[in-house]
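J.: The lines below spell out each chain.
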Amino acid sequence: MSDALLTVKNLTVDFHTARGTVHAVRNVSWSVSRGETLAILGESGSGKSVSASAVMNLLDIPPAEIVSGEILYEGKDLLKVSPEEHRALNGKKIAMIFQDPLGHLNPVYSVGWQIIEMMTAHGRPKDLARKRALELIARVGIPEPEKAMKKYPHQFSGGQRQRLMIAMALMLKPDILIADEPTTALDVTIQAEVLALLKELQAETGMAMVLITHDLGVVAEIADRVVVMNKGVIVETGTPREVYHAPKHPYTQRLISAAPGKGEIKLLDETSPVLLRVEKLQKTYGNFDALKGVSFNLTRGQSLAVVGESGSGKSTLARTLLRLEDADSGHAYWKDKDLITIGQRELLTVRREIQMVFQDPTQSLNPRMSVYDLIAEGWDIHKLMPNKAERRKRVIELLEQVGLAAEHVDRYPHQFSGGQRQRIAIARALALEPELIICDEAVSALDVSIQAQVVALLDGLRQRLGISFIFIAHDLGVVRDFADTVIVMKSGEIVEMGPTEQIFDAPREPYTQRLLAANLDPDPDVQAERRAALTDA
Amino acid sequence: MAEVISGPQSTVADKGPSLLSMLWRDKLAFSSAIILLVIIVAALIGPTLLGDIATQQNLRGRNFPPFSLDRGWAFFLGGDSLGRSMLARLIVAAHSTILIALGTVAVALTIGATLGLVAGYAGKHVSQIIMRLADVIMSFPSLLIAVVVLYVLGPSIPNMILVLAITRIPIYLRTTRAEVLEVRERMFVQAAKVMGATHTRIILKHILPVVTPTLVTIATLDFAFVMLAESSLSFLGIGVQPPGITWGLMVSQGRPYLNTAWWLAFWPGLMIVLTALSLNLLSSWMRVALDPAQRWRLETKRKKNV
Amino acid sequence: MNLKPIFFGALMATTSIVPALAQANTDITVVLSEELDLVEPCMATRSNIGRVIMQNISETLTELDVRGDKGLTGRLAESWEDLGDGTWQFKLRQNVKFSDGSDFDANDVKHSFGRVFSDQITCESKRYFADTQLTLDVVDPHTINIKAEPAQPILPLLMSLVTIVPSETPVEFVREPIGTGPYAMTDWTAGQQIVLERRDDYWGELPAVTKATYVFRSEPAVRAAMVETGEADIAPQITELEATNPETDFTYPNSETVYLRIDQTVEPMGDIRVRKALNAAIDREAFIGTVLAEGTELATAMTPPTTLGWNPDLKPHAFDPEQAKAWLAEAEADGVNVKAPVEVIARTENFPHVAEVGEALVQMLNDVGFNASLRMVEVAEHEQYYSKPYPEGRPAQLVVAQHDNSRGDPVFSMYFKYHSQGTQSGVNDPKADELIEAATAATGEERAARWSELFAYVHDEIVADALLFHMVGHSRVGERLDFKPTIATNQQLQLSEIGFK
Amino acid sequence: MIKMIGQRAIASILSLLVLMVLVFFLSRLTGDPAVLFLPIDATEQMKEEFRRLHGLDLPIIQQFWHYIVDLTQLDFGDSLRKARPALDVVLEAYAWTLPLALITMSLVVVAAIVLGSLAAFNVGGFFDRLVSIISLIGASAPDFWIAIVAIVVFSIGLGWVPTSGVGTPWHWILPIAVLFIRPFGLVVQVVRGSMLSALSSLYVKTARAKGVKNTRLIFVHTLRNGMLPVITVIGDQAAAMLNGAVIVETIFGFPGIGKLMIDSILQRDFNVVLAAIMITALAIFVMNILIDIAYSVLDPRIRN
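Residue numbers (the numbering used here), protein chains in the order written: chain B, 206 to 742; chain U, 434 to 739; chain Z, 1429 to 1929; chain C, 1388 to 1691.
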């Protein structure tokens, strides 16, 4: 790879923490050439971002320490240049965009100011910067660039913010663009658009791109080459096709097999009795109609998925059913009781029968309560199981049921990984022996391999305990693996509802079709076919 | 970015080292704890042990200079303007000083936090009423409260506490409310709601523990403030008065002697500063030590576990 | 309500006023302990006001000489004589002009008194005429007859307490006092300063000081420091702790007497042995040169030695703890509850080191077997305990109080403190009442003798209270001034007495 | 925004009324101004006259009614001691307190922000510890102690500045310096904490990736975010200062509102106390609105 623009060689970085030294990456080497897209694939904790942070001099030293290695750019070792020299390269020659552009854009300055600063920080005149900013804002597809310049980050949608970040990164026509999980927080349709934009821009400028992601689909869609990382080391390198079709390393194999959307589609048991009957549920926030008359039925043991993009009303649906919000009108009959109108006393009973698992277990578990307290809290509330010893036994049983161990009982949430925390949340939901569990994006925050495990766990519970699920998700792959019925929502309305098989194989509504088309497949060949199909059409 | 994986497999011990050994490791916090401990012990047993020495006057041997053992250890820090042992008086004064400061902070914290929890959790109207009430208290000068209370109820330690506490309530009230407004939107509060937790339970079990560290921090800062406020009231002649004895009063009584016998005001002033400093250092340590998610920072270095 | 001009005005003022240091060498700055609420002539007997205006702006008919021994001399009155029947005739000084240019005559005197006695204004000097009815009769522009009912033997002395204002002065507090004195007020910036400037048309000898600026600082250390740094020339009230420089610092009796007021109606204070024991328990000498300044004298009377009728034969009660214990034991044997709780009540900031004095007193009392405790109270509360009606259900109370009489005659003290009807009296003794009434009505030598007798009676016979100290004041006077503070400096500070070296 | 200010104004006027009623009745519990105004030997007749002249002999409800009626014409009554309109007395004192508070708070804000930010950037370092310890000691040392030591050292010993008074700008140096210490100690801690969390924000990473210089990173990118919590504390401190700095004013002979307030309270000059409290409350109310405006200027997210 003699024409490499940027080369990372044998990079080893340690993090010194109070708990000891952690090898963040060991002997990592990769390079990227002009016009090429390199994907660094890995799950959380794999060290996939560390080398890129080292390139940008974004590692905090200490606690980080660069033990060995070099980063070569234009014949210079970036690890040896002065901070001032490095600063001059940042943004100008090597630019970076991040996941979650809301957090990465300064909330108190207008986006125009921030984009212009990219050039003024490197000594370019302000009027020139302004002109270029207007051009680029228009180029990345933001309407009314003049007005947009004056607006603040919170006034844009997630997709728009990422476009603005891209515009900012491209201000000085960098040689290399590093994109750290650029589409992770975005809806599938927006993700597809942003990736397409990146590809176009790369074609225009010939820049090299380093894309850090956990998503096989993104790799399949955009990468020329991919390195797979696990626990700080590179386990596999190759083209996306090679890696996908013939993974050599066991970790890569596991990762690929865990990718959702490949399993057998479940069928609905038509004979089950109806448990929940939702009729014309309506909810308005100010001028915004979150729910415009939603109706559906749920039977015992059913796993009903509700899919849709952000703002579709799927979370509001869950919140109104749980009475976290009051619906404006409509009914939801749960065993002949209307959830929307029942009084506090009856509601208490229902609150035992319907449980919820939230998206982010880090936030939904009180950080100051031990696992035992968290799981046993429901019993305190409903005055069940007064016997301490019995309680403890049951907590351990529940932990084992969700794949944790008895020794975990007295620990605190922060001592667990994300997947384990979600298991605790599930154990907490199970503690009250509910008949319905509502999962609001319950697996979205988890790594693919963990996601698969949790979905399998939920499915097992459904089969063994006959619990019904309302499964709210935006990831169609997971939905396909878990649900037997799918509701597609858009702007507070049900667009389409039907058995999973029908929705995925023969979607009737154009919106469902678009949604499915935008969903990235981990198989590069499938993605290539779809792209070909799109260009044909 | 590699995270420090803190999964169970990497955690060696369940509970980690004891609080005490963690304290030992932070030398600053440890010395603070020792100083506070000494002060508390002095406050508890000082009056019974040294009450007589502290009041033993000697008009003809007044303002005895410090750092001399000619008159025994009791006069090592010098004698005051009535010839009493400074050391003994400092120790005895710790009692009322700590009592007033602790009482004030406890009363203000309890009332302020309770109102704050209600204001933050209850509806808009209740909240508004409570907040405006806080405004009224804030604008009500503490000096007037002091004069009213002392004139109507008479000077005594409980009344001093009352005076000082009233003026501190808004601080706790506003902080608590602000925190509650944020915490009550957190996911785990929603989770508790979904499980059917009552409002009381949510407030006490879920919101209060999260708000507590902030309150503790403010309380420790306030401790020093209260000691100084009490001193200022003494200075203005409406605080604790002789024969009562507090550090604040000692500072204010020693004030005329700053030129001639500096030690009269210096030692009690130093005690106030030392107490405040120790409390601050200890409280920032405690903030970390009592937070399960941060406690590891204070634990021993472990072998790497990735 | 527009704050803006005031605010900017203040800012301007701070940048434009020339430093106080740069002034003509016959201008002086006086630093006082508290700001004046009022600069009203009829309030001149209040010491903080009197210090500025008494005999500087406003003058009185007569004046008590405290520097020499001339006794009562004329100021605006040239002479006076007793016409009998309670009537005194005063001949007024001629060719005297007020600072507003008008002439001084008998009508001004009449108006001044009318103003003091008006019920539309609360004038302080009125209190000296408590039960006396005055009738003023203008004989001619420079002669006035004043008739007192009942007859007032010391009427000429009382004339030294009423300041004379022009007859045009309204019957309400004025902010720009007009007087006949050698100075006129030219500036009063509330909170900051009062400026007096010398009048060239003054009737008497022109004083040396051309301009006096009064500023106010409550902290004694700061006042002393200001003279030291040259920011001020006279600090009339500093504490003995600051008065360390013999070149500039003067110590002088300030006419204040500190005593313990005993309320004899509450057990155990009704018993004379207990009161004697109390007096014997106090080691008065021990205070002097320690918590109280050197120069402080032991008191045997309510009024300082310069007062008429002061009795030189009286000796302070000896400090004798053993005797005190013996007296207490004796009283106890007779069934007096000497262990009854006794509250020593003192007022914060009453005089320097009052708290220490209180603490030491309590210790001394307890050393001989009293059950005493100290209570420091704020001024309004002190007043409740000090003046009648005393609170119901009170325990025995010893009120630490300070009394000021620089007026030369005990009449301003004795009735209030020892007569059974006196507002601050703890005594109910028919003989004392009789002696007071007799002395008040007497004149000349007899008056002095009567007062002497009374002093001896209350001190030795009934041991009415525990008289403690005649206090001293301390002033710091800049080195360029030729001025020696006297007993009167507490009440008035005549600029005409100040010279330059 | 305007609507919000309007609501705040109404709420504040209500608070002001409650405050007035409380102060009016509570202050009258503290004794009789007549005995304090008149000498100790004054006759009962003189005291009665004084009470009558100032309407203090009327039933308290009637006194209150008169007060309210006068107040509607912005007449706060006369000072019992000074025989002048209470409002004049208070405004005069304010003319001193306001610049003192403004100058001191400005210095506190600037110094605390610069030193606090640098300490946060250098967290755990020598400078950080130095700032922390000094500010903590400063915040917990008795102020009258500091004031007198300052006079002894800087006026008497070194002769750099006048001891006290308000004549020239030089006179302001010591009072401001002494008044500065405690709020500085508090604010610098808050700035440090707030900047610490702001510096770990994600947008700082973006700025570094852009190649922004460190000083710009601290004082442009982070500071504006870090200021939000700081403003609340600054507001509290400024409010305290608007109540007057009793101790500093007393010692330095500074004719501000704090000294006026304590004197009036001790002398039971009710009208001045009431006027002072209401004007102060009004000033604090105006300041609170300014703080809200500052919030929305600093943070565009609050504007809608």
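Don't take every hint at face value.
Stated by the list, open to error - To give a feel for the contact side, a few chain B residues facing chain C, derived at Cβ under 7 Å:
#1 N295
#2 K298
#3 M301
#4 H309
#5 M323
#6 P572
Claimed, not checked - Lysine to aspartate or glutamate pairs mimicking DMTMM-like chemistry, simulated, CA-CA at most 20 Å apart:
#7 B:K356 <-> C:D1428
#8 C:K1592 <-> B:E289
#9 Z:K1816 <-> C:D1428
#10 C:K1592 <-> B:E386
#11 U:K626 <-> B:E386
#12 U:K626 <-> B:E551
#13 C:K1592 <-> B:D265
#14 U:K626 <-> B:E640
#15 C:K1600 <-> B:D265
#16 B:K352 <-> C:D1428
#17 C:K1434 <-> Z:D1547
#18 U:K626 <-> B:D531
#19 U:K638 <-> B:D578
It should be emphasised that the hints constitute simulated quantities derived from the structure, not laboratory data. Quantities reported herein were computed from a predicted structural model and do not represent experimental measurements. C-beta: ideal position from N, C-alpha, C; glycine also.
J.: Decide, hint by hint, whether the structure agrees.
T.: Status of each hint after checking the structure:
1. N295: Interface hint status for N295 of chain B: holds (4 Å vs cutoff 7 Å).
2. K298: violated, 9 Å
3. M301: Nearest chain C Cβ about 4 Å off; hint holds.
4. H309: With a minimum Cβ separation of about 5 Å from chain C (threshold 7 Å), the hint on H309 of chain B holds.
5. M323: holds, 5 Å
6. P572: Constraint on P572 of chain B not satisfied, violated at 17 Å.
7. B:K356 <-> C:D1428: violated, 75 Å
8. C:K1592 <-> B:E289: holds, 16 Å
9. Z:K1816 <-> C:D1428: Holds. K1816 of chain Z to D1428 of chain C sits at ~11 Å (cutoff 20 Å).
10. C:K1592 <-> B:E386: holds, 15 Å
11. U:K626 <-> B:E386: Judged against 20 Å, a Cα distance of about 34 Å means the pair is violated.
12. U:K626 <-> B:E551: Holds, because 14 Å separates the two Cα atoms, which is no more than 20 Å.
13. C:K1592 <-> B:D265: holds, 10 Å
14. U:K626 <-> B:E640: Given pair K626 of chain U, E640 of chain B holds - Cα atoms ~18 Å apart, limit 20 Å.
15. C:K1600 <-> B:D265: Measuring from Cα to Cα gives roughly 16 Å; hence the hint holds.
16. B:K352 <-> C:D1428: Violated - the C-alpha atoms of D1428 of chain C and K352 of chain B are around 80 Å apart, more than 20 Å.
17. C:K1434 <-> Z:D1547: OK: K1434 of chain C and D1547 of chain Z at ~11 Å, within 20 Å.
18. U:K626 <-> B:D531: Status holds; Cα separation ~14 Å.
19. U:K638 <-> B:D578: holds, 10 Å
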